[in-house]
Amino acid sequence: MKRLLLQRLTTALTVPLALAACGSNPTASTPGFTVNLVTLNAAATQGVPVQSQAIIKATGGFNGAVTASLVDPPLGVTLTADPVQVNSADAYLRLTLNVTNDTPLFTKVKVRFSGQGVTQERDVQFVSQPSFTPPGLQAAVRIEKLLRAPDGTLWLSAGQHQVESNAIFRFDPAARTWRTYRLLQQASSFTDTDTYDFLIAPDGMIWAVVQDPVALLRLNPTNGAVDIFTPEDNANLLTSISRASNGHLWIKRQNNTFTEFDPASLEFKEYTVPDAQLTSRSTMDAQDNLWFMQFPSNPALVQFNTTTKTFKKFPIGGTDMPYSSVDAKDHVWYVDSRTNTLGVLDPSTGTIDQRLLPKSFKGGDFKLDPFGGMWTLQEGALKLFDLEEDRLLSLPTVGNALSLEFAPNGDIWYVNSDGRLVSFPLE
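Under mature numbering (1 follows the signal peptide of the UniProt record, and there is no 0), read the sequence shown as residues -20 to -1, 1 to 407, first letter to last.
Please keep in mind that the hints were generated in silico from the structure rather than gathered at the bench. Check the hints yourself; a few may be wrong.
[Stated by the list, open to error] No more than 30 angstroms apart at the CA atoms, straight line, and that leaves these computed lysine-lysine pairs for DSBU-like:
id, residue 1, residue 2
1, Lys309, Lys289
2, Lys249, Lys125
3, Lys363, Lys125
4, Lys309, Lys339
5, Lys249, Lys293
6, Lys289, Lys249
7, Lys309, Lys347
8, Lys309, Lys125
9, Lys125, Lys339
10, Lys125, Lys347
11, Lys292, Lys249
12, Lys289, Lys347
13, Lys293, Lys309
14, Lys293, Lys125
15, Lys363, Lys309
16, Lys347, Lys292
17, Lys293, Lys347
18, Lys363, Lys347
19, Lys292, Lys125
20, Lys363, Lys339
21, Lys90, Lys363
22, Lys292, Lys309
23, Lys125, Lys289
Assemble the whole structure, with the sequences as input and the hints as a guide.
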């Protein structure tokens, strides 16, 4: 599956180089066309037009108008081209593809470019990314948390300080239906809160950590009922939540402490990280160890054994990025953006394997897919760094991706800066 994913991504993301007239290689003075990858903004269904735009750069001495038209266009597909910029060296066109019928994921159309006595025909690849918006979502709301449940449904929550941050949204990809759950208005007098993190328990219950009030919430998706559990120390924010194999919940807090919650006894217990200045959010491995980063002084990856209640620190050279992730082998990954270095810690030996990342890999939060790939969310794109092939692939996104998930077949789901849930199906 991993090789299939990479093969399809490689095919989809290959952008043709500029071609010159008569098939010769382009030079600085030879007219040619560089075609950017085109991204469809939504699924084309039930005859509803879908528009997709891309900027086409005509290089090499174009100082006049450049036109573009489809050659033998597929049924229901039309193209318009509008000039964006014309100067002495280059001309730019904005191509708008209009689709009124269902199109395959990767659709190639032949476009005829003409300008300054030069005419060329080029194949342009279009990538379809269906998108779905939670009902009633306001335009300013940022959906920043995305989780996939075992039944295949997708769950979303709004970012901090957002109008809809007291809601969690459920999306059924098969039925393409939404359901909205209000976290607090049914259970208390609070009508607004910030959802910092949430998880889906094996029994289907949703556990969320929120601010205003500082509390742990349990949502029953069957009937929408919400239970509120408030720790004794309610002055420090709850920033992330994990679930151990015994059912206990572990909550990372802003003041370098962890809170353990037993759903059976409803008891809270506190544990403090020793000798730490700042600590990041935490993630849990398959052995019920919590992992997080300590910075900026005495930078280290820190392991908290939730069984023995002990901390173990693995010093690292330094990082200004508090992001880490655990893979299927319980190896811990982190990125040092100052040196553009990827580090992978093997806790069983204490060794850290380091390698330089490609220069175009910009630091930021990242996620590991089931196939050994490392993804980072960047402006206008998802970047996939394949360690086996030591290469970086770029997947253009509809808007800026804020969070992503992977289906078992390798399909990608992400939420963007417009609050939309977007699908990149590989089948």
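Does Lys339 sit within 30 angstroms of Lys125, going by the straight-line distance between their CA atoms?
28 angstroms, holds
Are the Cα atoms of Lys292 and Lys249 separated by 30 angstroms or less?
20 angstroms, holds
Would the hint linking Lys309 and Lys125 be met if the CA-CA limit is 30 angstroms?
Measuring from Cα to Cα gives roughly 24 angstroms; hence the hint holds.
Does Lys289 lie within 30 angstroms of Lys309 when you go C-alpha to C-alpha?
Roughly 22 angstroms separates the two Cα atoms, so the pair holds.
Against the 30 angstroms threshold, does the CA-CA distance of Lys347 and Lys292 hold or violate the hint?
Distance ~24 angstroms between Lys347 and Lys292 Cα, so the pair holds.
Straight-line alpha-carbon gap Lys363 to Lys347, limit 30 angstroms:
Judged against 30 angstroms, a Cα distance of about 10 angstroms means the pair holds.
Within a Cα-Cα threshold of 30 angstroms, do Lys363 and Lys125 meet the stated pairing?
Between Lys363 and Lys125 the Cα gap is close to 19 angstroms, so the pair holds against 30 angstroms.
Next pair to validate is Lys293 with Lys125; report whether the Cα-Cα distance is within 30 angstroms.
28 angstroms, holds
Do the alpha carbons of Lys293 and Lys309 lie within 30 angstroms of each other, as the hint requires?
Given that 30 angstroms is the threshold and the Cα spacing comes to 19 angstroms, the pair holds.
For a C-alpha distance cap of 30 angstroms, please report whether Lys289 and Lys249 respect it.
11 angstroms, holds
Given the hint that Lys363 pairs with Lys339, test it: the Cα-Cα distance must not exceed 30 angstroms.
Holds. Lys363 to Lys339 sits at ~12 angstroms (cutoff 30 angstroms).
Do the alpha carbons of Lys249 and Lys293 lie within 30 angstroms of each other, as the hint requires?
Cα-Cα ~22 angstroms, so holds.
Hint compliance for this structure: every hint is met.
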